[in-house]
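Anchor point for the sequence shown: position 166 equals 166 in full-length UniProt numbering, and the numbering is continuous, going up by one each time.
Each hint should be verified, as a subset may be incorrect.
Only pairs whose alpha carbons sit at most 30 Å apart, straight line, appear in this in silico BS3-like list of lysine-lysine [as the list claims (entries may be wrong)]:
1. Lys34 - Lys121
2. Lys141 - Lys156
3. Lys156 - Lys121
4. Lys46 - Lys34
5. Lys161 - Lys55
6. Lys141 - Lys52
7. Lys34 - Lys52
8. Lys121 - Lys46
9. Lys46 - Lys141
10. Lys121 - Lys84
Hints were generated in silico from the structure; no laboratory data involved.
Source: prediction; values computed, not measured.
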Amino acid sequence: MEYLQVPSSDDFRAQQIFQSYCETFPEAERRCEKQFQSLFSNPNVKVFSVLKDLKNIGYLIVWELSNSVFVEHFEIFSEYRSLKYGSEIIADLFRDYSHIILEAEPENLNNDAQRRIDFYKRNGFKIIDEQYIQPSYGEGKPSLNLWLMANWQPEKTDWIKEEIYDIVYRNL
């Protein structure tokens, strides 16, 4: 697996990522195009194109926080799903970062949410907060009740949530 940081929103990989991002994630769970483009100038954000055998198979949008990394979006493109690439990417993340956080829909929401929670648990994540509220991604978009998951068990999650709100969601 190879991870290429996408340098700008003008890069062809960024355009491919944005197109898939819009097709995969519901509008309430994603940034608008202008917000997405602004990620590339934010020093806390890295957008990675994931390559396998020189083919773009997916992407990661990660935020470097003070003591952890927050995975805002993670996708394997549809034609490459069910090939164990997601587990391989998570194993690489675990090797590169000691503290990883992500948001997930509650497992009781639907079958897809249950499948994602099971996938993350199989790959070393634990639910650390079931009362987390993801702020709205913008006007007309709702806040969402999600779960926070991490690859470690913090004593408290208040500081984690505050940092996510302050850094990831502050300019929406």
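A quick look at each hint next to the structure:
1. Of the supplied pair hints, the one linking Lys34 and Lys121 is violated, its CA atoms being roughly 33 Å apart against a limit of 30 Å.
2. Between Lys141 and Lys156, the direct Cα distance comes to roughly 28 Å. Compliance with the 30 Å bound is thereby established for this hinted pair.
3. For the given pair, Lys156 sits about 20 Å from Lys121 by alpha-carbon distance, which is consistent with the 30 Å threshold.
4. The suggested pairing of Lys46 with Lys34 holds, with an alpha-carbon distance near 16 Å, which does not exceed 30 Å.
5. Between Lys161 and Lys55 the CA atoms are separated by roughly 35 Å; this puts the pair beyond 30 Å, and the hint is violated.
6. Among the hinted pairs, Lys141 with Lys52 is inconsistent with the structure: their alpha-carbon atoms are about 35 Å apart, more than 30 Å.
7. For the hint linking Lys34 to Lys52, the alpha-carbon distance of about 29 Å falls within 30 Å, and the restraint holds.
8. Straight-line distance between C-alpha atoms of Lys121 and Lys46 comes to about 24 Å, which keeps the hinted pair within the 30 Å bound.
9. Taking the CA atoms of Lys46 and Lys141, the gap is near 24 Å; set against the 30 Å cutoff, the hint holds.
10. A C-alpha spacing of about 15 Å is found between Lys121 and Lys84, which places the hinted pair at or below 30 Å, so the restraint holds.
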